[in-house]
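Asks: The lines below spell out each chain.
There are 2 protein chains.
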Amino acid sequence: MKIALAQLNYCIGDFGPNTKKIIEAAHKAKAEGTDLVVFSELSVCGYFPFDCLGFTDFINKCNQALDTIAAECSEIPLIVGAPVVAEEGEKRLFNAAVFMHQGRRQVFKKKRIGSHPLFDERDYFEPSPDDDQLLELGGLRLAVVVGDDLSNWGSDPILMENRIDELANLHPDVVVALAASVFDYTMPRYRCNTLRQTVLKHEFPLIMVNQVGAQTHLIFDGGSMAFANNGHVDTALPFFEEGVQIVDTENLVLHRTGDDRLVIPEKMSLIHDALVLGVRDYFHKMGFKEAIIGLSGGLDSALVTYIAAKALGAENVRVLLLPSQFSTDHSVTDAVALAEKLGVRYDTVAIKPVYDSFEAALQPFFEGRPFDVTEENLQARIRGVILMAFGNKFGNILLNTSNKSEASVGYGTLYGDMCGGLSVIGDVYKTEAYELARYINKEDEIIPWHTINKVPSAELRPDQKDSDSLPDYAILDGILFQYIEKSKSAEEIVSLGFDRATVERTLRMVNRNEFKRQQVAPILRVSPRAFGAERQVPVVARF
Amino acid sequence: MKIALAQLNYCIGDFGPNTKKIIEAAHKAKAEGTDLVVFSELSVCGYFPFDCLGFTDFINKCNQALDTIAAECSEIPLIVGAPVVAEEGEKRLFNAAVFMHQGRRQVFKKKRIGSHPLFDERDYFEPSPDDDQLLELGGLRLAVVVGDDLSNWGSDPILMENRIDELANLHPDVVVALAASVFDYTMPRYRCNTLRQTVLKHEFPLIMVNQVGAQTHLIFDGGSMAFANNGHVDTALPFFEEGVQIVDTENLVLHRTGDDRLVIPEKMSLIHDALVLGVRDYFHKMGFKEAIIGLSGGLDSALVTYIAAKALGAENVRVLLLPSQFSTDHSVTDAVALAEKLGVRYDTVAIKPVYDSFEAALQPFFEGRPFDVTEENLQARIRGVILMAFGNKFGNILLNTSNKSEASVGYGTLYGDMCGGLSVIGDVYKTEAYELARYINKEDEIIPWHTINKVPSAELRPDQKDSDSLPDYAILDGILFQYIEKSKSAEEIVSLGFDRATVERTLRMVNRNEFKRQQVAPILRVSPRAFGAERQVPVVARF
Chain A
1 MKIALAQLNY
11 CIGDFGPNTK
21 KIIEAAHKAK
31 AEGTDLVVFS
41 ELSVCGYFPF
51 DCLGFTDFIN
61 KCNQALDTIA
71 AECSEIPLIV
81 GAPVVAEEGE
91 KRLFNAAVFM
101 HQGRRQVFKK
111 KRIGSHPLFD
121 ERDYFEPSPD
131 DDQLLELGGL
141 RLAVVVGDDL
151 SNWGSDPILM
161 ENRIDELANL
171 HPDVVVALAA
181 SVFDYTMPRY
191 RCNTLRQTVL
201 KHEFPLIMVN
211 QVGAQTHLIF
221 DGGSMAFANN
231 GHVDTALPFF
241 EEGVQIVDTE
251 NLVLHRTGDD
261 RLVIPEKMSL
271 IHDALVLGVR
281 DYFHKMGFKE
291 AIIGLSGGLD
301 SALVTYIAAK
311 ALGAENVRVL
321 LLPSQFSTDH
331 SVTDAVALAE
341 KLGVRYDTVA
351 IKPVYDSFEA
361 ALQPFFEGRP
371 FDVTEENLQA
381 RIRGVILMAF
391 GNKFGNILLN
401 TSNKSEASVG
411 YGTLYGDMCG
421 GLSVIGDVYK
431 TEAYELARYI
441 NKEDEIIPWH
451 TINKVPSAEL
461 RPDQKDSDSL
471 PDYAILDGIL
481 FQYIEKSKSA
491 EEIVSLGFDR
501 ATVERTLRMV
511 NRNEFKRQQV
521 APILRVSPRA
531 FGAERQVPVV
541 ARF
Chain B
1 MKIALAQLNY
11 CIGDFGPNTK
21 KIIEAAHKAK
31 AEGTDLVVFS
41 ELSVCGYFPF
51 DCLGFTDFIN
61 KCNQALDTIA
71 AECSEIPLIV
81 GAPVVAEEGE
91 KRLFNAAVFM
101 HQGRRQVFKK
111 KRIGSHPLFD
121 ERDYFEPSPD
131 DDQLLELGGL
141 RLAVVVGDDL
151 SNWGSDPILM
161 ENRIDELANL
171 HPDVVVALAA
181 SVFDYTMPRY
191 RCNTLRQTVL
201 KHEFPLIMVN
211 QVGAQTHLIF
221 DGGSMAFANN
231 GHVDTALPFF
241 EEGVQIVDTE
251 NLVLHRTGDD
261 RLVIPEKMSL
271 IHDALVLGVR
281 DYFHKMGFKE
291 AIIGLSGGLD
301 SALVTYIAAK
311 ALGAENVRVL
321 LLPSQFSTDH
331 SVTDAVALAE
341 KLGVRYDTVA
351 IKPVYDSFEA
361 ALQPFFEGRP
371 FDVTEENLQA
381 RIRGVILMAF
391 GNKFGNILLN
401 TSNKSEASVG
411 YGTLYGDMCG
421 GLSVIGDVYK
431 TEAYELARYI
441 NKEDEIIPWH
451 TINKVPSAEL
461 RPDQKDSDSL
471 PDYAILDGIL
481 FQYIEKSKSA
491 EEIVSLGFDR
501 ATVERTLRMV
511 NRNEFKRQQV
521 APILRVSPRA
531 FGAERQVPVV
541 ARF
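Protein chains in written order, with the working numbering: chain A, 1 to 543; chain B, 1 to 543.
Simulated from the structure, these hints should not be mistaken for lab results.
Heads up, none of these hints are tricks.
No distinction is drawn between identical chains; accordingly, a pair holds when it is met within one copy or between any pair of copies.
EDC-like mimics (lysine to aspartate or glutamate), calculated; alpha carbons at most 16 Å apart, straight line:
| no. | residue 1 | residue 2 |
| --- | --- | --- |
| 1 | K393 | D372 |
| 2 | K341 | E315 |
| 3 | K111 | D165 |
| 4 | K393 | E376 |
Chain A on its own, in the form it takes in the complex (with noise of 0.2 Å):
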């Protein structure tokens, strides 16, 4: 039997593209000789939806999808993913794959309804009730499964118990997996691993469909797989892109081993492509059509702009050079090198007028006062103001440029340096910048060379430089990925061999100023735990 792998970009709640993407791809797949067209999890709305699943409309909206599909692809077998309501006028939702033909349908409700630290699909969905069944298709039973199902890609401990090993007992052919797993930078390679040990335990066939794209700050990197038997990768679809593909379950079935079809790209890598794809997404989902990044000319706007020109291509681009007095003249020729490299439009607004029309505004209230932070941040909310008018006055999205050793200490400007309606970046460790500046520029001086070496400066006052608020970021990154990603206590981290008051003082940043991050932008989500709704630390608390 030859199945066609159908892994593609879906938005949330957009219908009827979604379902004329479905039927094309399905229509296609027939004409090159697929016998069956698989799909990833809840393919007709776009995976997760969210709140949207309460709103009637909205499953309403689903049902018609269904309708449509199996109407306009009526002689072609296929599965989709949908949520289902158990019974008309029920409120009892399942996330469903729904496999459809000629009028029959069957439907394979997931039965292990998990806790993602992202989000609950218990808060919407219930688990499946059925006996497990399987489809019987050209001669072959397959067991359908959905998502967590398949395995334990999370680490609630109620999914522990492998759902594959229950569907073992009844001897499928192929087992067939509708599938949206998040991306972040491991996930890749621990996806494949986990599949590859289930397939090896009772040596059937897999064929994973996993959904592409990126909705919000979720991003879904595809990598949708057929495993052989043995557990040897016979086709592998690309990462960070749609593809349809055929497989042929002959092939599947192998007692020979061979070279993995599977190559997982290395982290920087990775991470590249999954923030190009999360600008493009936003912009193209939400119809947006061009960015605006202010441009410093250090390292992380250089990042955000050189991502955003591959993103939406370099004539969609803007940027704003925006200059103060504590400027120095190579943030300016930096930032002039990027733009005319990457050929996106550069203008320039030097702050110094405006910002003395706010020092005479205040000059009778703090008269006497001497320069501190309220100066500096007065700085960055300028830039920000003019960014943002810029962003009305031409339809402009402003792009947020900081980093996430930043947004972690708190090093930026409430309402200045973290405006913008995405943050790009949000998510990668300073020492991460530089590492992927280094993989950009790997062929070419993309970024310029001087701005990744130089010594990283806000220049909110003159000769300030990051090291004279913040430990060195090799040492601070060390730190904030335990502390984040690993949640480890002060102890535990100077147990690794940090220095005690390091780790106390920079803890301490961490708790202050979660009260900054609950007002940043959505941050695309590249590690395995990104600021947001994954970190849930209560503003007011003392500890």
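Chain B: place on chain A using the hints.
Replies: Only chain B this time, still in chain A's reference frame:
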């Protein structure tokens, strides 16, 4: 037996002061002749601590707090709430009530670990595996229960089976419940009614000790109660303030009816007191002293200024009048009248010179383009920058003044009037804001009647009125309530009698402005559904 209900206000993670507060209350109650002191759910650490429960340090400190309380109150039988580890070194946590007396400890673990839209206990706690047991004390048999075990105050179907039914089989003499019930304006009455039903069903006395105080956006209203076995409220603690009261269980066995001691205040009184407590606790628990507010002469900022003065004292509130070229004279006079009535410090900073300097900086790029939303936002953002500059220079915290109607439809400027560390009335619709103002003015004109009665306007362009862009607030709020609080679809709202075009336009505005709401400060929650954690809608979606 005399039981003290200790309704206290805890700061999350502030172990020293929380422990001290518990010990002092226990000693004071003991001195007054009590036989048992009962505190609220998770009292040693404050409720709800979110991911702090995953920090080893945090749990260690909870254990130390229990030990300290046990040592300092060895002669006082008491029950405190604490997270309890299954076995030393294990990760599994229980939400427990811990009875301690003279070295004896008895732990009662919560059985119904439920999901609240605001937080999900299932992410942190496991349900008790223990068989039900009673606390034998002073010749009485007490059933000790935690939070949701008492009653289903949420809507989670797994909680529908009332836990008390099971405990009733043990025939306790008294039920003692440790609670932390999140406030909204429907909750005090709902809580009392459901508890009373439980009591009437089983005919046992019931004592419920609730937490009081605000934890960032979540407010706990107190209102602890003791019911006699006939459903009569024998003792009622105050709402929104700390209190310790002693109940004699002999008075809880009654066969007469009498006047209830519980008086539930009306909606505006509840909202008023909740907001005052919310602001006060945000400042005091964070260690902040002074608030700053931009006072426009309109209703919203007037309300926030009044609430801040009430919460922090007039001497700790500073307001700025920030008129632009479009501000009316009455805006300034109304603002001054309020500031003088409340006795808060006010200063005026005209924003025209700063506005002109931005115009000059932007003129080379904007030339020939008409005045539009850019220039409106520019005024709001200049105000934001000036308020934040004062905040930075003098250490004041800016309070946000957006109401729920504006937040719903995006009628506000990001990084402008949407600035601030805490959104005070972001869960109060405009029509409710009017009601609240009239409630405040019921005895004296505190908020100028002219502020309340004039036509609402943002005053960002000549002769602007809110009704230029928005439906009449009475209609708008009616639609919003059905959509936000009631999750009704457009069709359902239209069927209630609202105009179809207005409904569709309103819902479109709500959906399109999710990106603004994701960057707003925590909102003090007073309604059954506030923006924030309990309404999760994707920013990128077409629906």
